[in-house]
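Assembly of the complex is requested from the two constituent chains, each provided in isolation within its own frame, with the hints serving as guidance.
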Amino acid sequence: MSTATERRVPDDDAVVDTPPGNRPGREALTEMSNPHRARAIKDVVARVVMWASFALAMIPLVWILATVVLKGVHMLASPTWWTGNQRNINSEDFGGGARHAIEGTLQMVGFTALIAVPIGILTAVYLVEYGRGHLARAISFTVDILSGVPSIVAALFIYAVWVTAFGFSRSGFAASLALVLLMIPVIVRSTEEMLKLVPNELREASYALGVPKWATVVKIVLRTAFSGIVTGVLLGIARVMGETAPLLILAPYTKNFQRDLFNGNFPTLPMMINNDRLDIGLAAAAERMWAAALTLILLVLLLNVIGRVIAHFGAVKK
Amino acid sequence: MSTLTGVSAADQTPGPDGRTPLQADRASTGRVGDRLFGGAATVSGVFVIVLVTLIAIFLIVQAVPALMDNSASFFTSRVWAPGGEQPAFGILEFLWTTVTASTIAMLLSVPVGVAVALFLTQYAPSWMRQPAATLVDLLAAVPSIVYGLWGLIAFAPVFKPVQSFIEDKLGWFPLFAPTGISGGTICFIGVVLAIMVLPIVTALSREVFDQTPTAHKEGALALGATQWEMIRTSVLPFGRPGVISASMLALGRALGETIAVTFLVSALADGNPWSWSLFNGGETFASKIANNASEFSNPNKTGAYIAAGLVLFVLTFVVNSIARVVIERRKAFTE
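First to last, the sequence lines map onto chains A and B.
The opening residue of the first sequence carries number 0 in numbering that gives the first Met the number 0; numbering runs sequentially from there.
The opening residue of the second sequence carries number 0 in numbering that gives the first Met the number 0; numbering runs sequentially from there.
Hints should not be assumed to be uniformly reliable.
Pairs of lysine-lysine residues, derived as DSS-like cross-links and limited to a Cα-Cα distance of at most 25 Å, are as follows [claimed, not checked]:
| no. | chain 1 | residue 1 | chain 2 | residue 2 |
| --- | --- | --- | --- | --- |
| 1 | B | K159 | A | K70 |
| 2 | A | K41 | B | K216 |
| 3 | A | K70 | A | K218 |
| 4 | A | K195 | A | K218 |
Hints listed in this document are in silico derivations from the structure and should not be mistaken for laboratory results.
Chain B extracted, bound-state conformation (with noise of 0.2 Å):
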């Protein structure tokens, strides 16, 4: 039926009126090259849906018979000993890591990388604008591997006096109590994560901002309005899910780092005080996965870093989840 000139046969058969009785919206009908290529495509998304499902299940069944053995709270317990007869294991630590260095993170990048980007489009002299930005996206694809190191080697050792000069300061207020752990602190995690995030920030928010219709912005400023308050009255609204995703993205990949986070972390010692202050130490899910892929040969243990896995995928999916409902709200209201 379907040639290599992409006319097919039902191209040439005329129909009842003699006439080919194409139109746009049924264009796509019968044809086996149509057939065919409307398939691949179809099942190309339903195998995007299938992967995500499977990595959901997947992380699910393999967990469930190490969480079967646990004999300690997986949720509320910080003891981990997947190991041996008597497995205990749980991810307080991690969750609490995790979540607290994202949290860092974010209150340091969104602002801050909110703020670049109205720079960029707003603010800077014209001849800036083109290779900052370059220079912005071109962050934003280093590896985060180099973060890592250059946290590891260059930022600890100027990062360190600040922290002592804050518990010095502020020790008597829980969060900034001092533990006695100088690098590779939650705090210290949370500025390099913030630092490896700003270039995404920054780029995604720039884009969304330039697209700001010129009628909103031009409109702002006959009004009387500063250039602040155009900004804050037609930029920033128009802008808003942009940044929202951006953030959530940002977010995403803290909430997920591994590599650059492994490097930094100080591990506890088993059994050490629990502590609210953001300068202890403590793993991540994702540094504690990854520091222990040598251990992956036994199934139970295996299974208990593979719980740890899906609780990490169960995070980012309700982040992800929320920014498109979030998003979804504001089309709604813009369109």
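Bound-form chain A, shown alone (with noise of 0.2 Å):
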């Protein structure tokens, strides 16, 4: 609180800025120091009001965690949720594993990656390394729309194409192209990002040396930049990896093991979570659905994680 008051401006800084003819007499000076009290009040008021909303805004959020970690734990803690599935248990049985889950998700993930990440890098690379007028603003307008794009509009979409027009059933891969369009904006953007933090002395003396410029990108380029590319490629799985519309859209649920993507239904995290959902007033269901958030949690905070080590140890050095 201290510092705030010291902070006002001194009486005499007015003074000296008012020409001679007009200088304030004692009184008006008397009068200022209202002026400061009000501004000495406000920034008080300021600095409570800081407080006072980082407190607010973390009640609902450590209040989130709490209540996954303690309803979900201690089903984590068994190994069967580690090695079994959930075939031949009703909502009603306590136990089964979350294996299939778990792999189905990564392995969604995974294919979502293998499609999106060469767009989205060779994309970032264009807009930096080559693009130059219209046609780098309409890409970097549409980077821009598509990342907007609501997830259960890129899985409409999806339907319309793979399921309506083409004829094609629901699959796990028909849900990894919805997530392909909602994974590619996040690359583009983190890895433009992480372009532009390269020193264009390293461009330049690429070039000087006679190294052609696709090698230079590659080489150079990519090169430096490739740690944070790589944590912007891991906070995109993450981001991906919770979407639960378009699942529900385009992947029906299985409790079996399902290595296919391509025919029939498949196991995810979030829509293990969703069909406990349904049978919430059931204990054995309840209990699953939130081991499972608690699971998803995990997976996605282990990316954060891994990705920001790797920015934090790989950061282009200024």
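Given below as structure tokens:
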């Protein structure tokens, strides 16, 4: 608080700025301290509001994490959770595992990344290294639009193409395609940021040595930005991992192990949560639901932490 | 031409003056490697444009037949009966619920999110900044389905008495009129959405506030500004485009949020009376589509849902375009 009062404008400054003719008298100066007090009060109020907002914001956020951890953790302690599936386990039965859903989720996002990452990185390379003028601006704009497309709309689009127009059935692959749409803008934006961080001197030094542009981009620019790009990819994967809307529309859930992305139902963690949510009145289903939610959070956080560690140790040195 | 070492034949061919005519700007001309790589990059970029265009085209093409058969007014009707001989469907209810819930979410999350970001960058003691910022970043990554579960099970019982209190005291005001619906009201969904997007607003705003040039801040303080005045005159103006884009991203999330809303909404019965109350139920675009994914077998019905999805797409498109324009404007001023 004391710093706030110390930082008040000293009265003398105001006097120096005024032309000598209209220099205010002593009484005027005392009157001026009123606005100063108002400023000091405003400063204190702002400080209190900031602290209060922080406290207010932390309550629900910590509450959420605590709820999920407390309700889900004991099921994660059993080894079956990590090895078994839900086959022949009815909603009212306790137990069973989530390995089918964990594997399914990882397989699906892995496949998604396989398609989205090259497109995303190349688009970012175009925007930073090649693109000038209208085309670049149009691409940048559409990336913005794509990043605003709701997941349910991406899912509807894939449904309209894959199921209605082409006549294929719903599958894990179709859901992957919808996730690709959601992942591309994340990859483009994060890669773009990283490429912009690469100092121009490196590119110029490379050109000066006679290295062609494509090799400069691949071997100098992308290599320098590599760790940042990896971080962006991991965050992008984490972002699509918890998306449920496309799965709801495109990839029906199964309680069995299923490794075929192209045929039949596909198990994923969000759909497992959704499936057990329907029987939330049953203690067994509720327990499984929280455990699956905790597992999903742990996977997402794991990816985030790995990404941050890579970013921390591999950051572009200025 | 190009080899594994990255040296192409053109490199070894001396120019007319005996030197390799390489300049940074022209470094990409001609070589096979360059043409392939530059081409691939361009194709990827164009592919993104094509993709977004295709989304619009496919949604329109499949929505139009259903809209032609529609016997009700699409924008002003509250009926939703897309199947059968005489399909009739309108989106008024979804539009109202979606926009109102998102507005509530924005009104709550943007001021608080900006305040928390300011707290983390300007006010928090230094030992607290990094851990708290990391916590917020991680919360921004928590899947929305978790927020939905929490809202459904942990938060709903807490919110219920608050709602009945407001209904009791302010029920005379149309926005707070009691409707007899206690769980899954528009207001409740708005609050849960606010909590969901709060970490996003905070994380992105914090990043831009952190980049405020120290010279701006010190300049303001040196001129005698209090800390709050320094923030108002240097940090906030510098961060404004970032805050706007963060808010728009959050708004996009709130408008399109599916699974959390699907968990929480209470659908209205057919033929219910219209109410301005925030304590009414009602589906959003996303929850309506998600709740009826099983009805997609019938192409006419699917068309109706795709038409609803198209409106949602247009809504987010408009929001993003506005954000883009605002940011470009601000950029023109600051640079």
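Outcome of the hint check:
| no. | hint | verdict |
| --- | --- | --- |
| 1 | B:K159 to A:K70 | holds, 22 Å |
| 2 | A:K41 to B:K216 | holds, 18 Å |
| 3 | A:K70 to A:K218 | violated, 49 Å |
| 4 | A:K195 to A:K218 | holds, 16 Å |
Hint compliance for this structure: hint 3 alone is broken.
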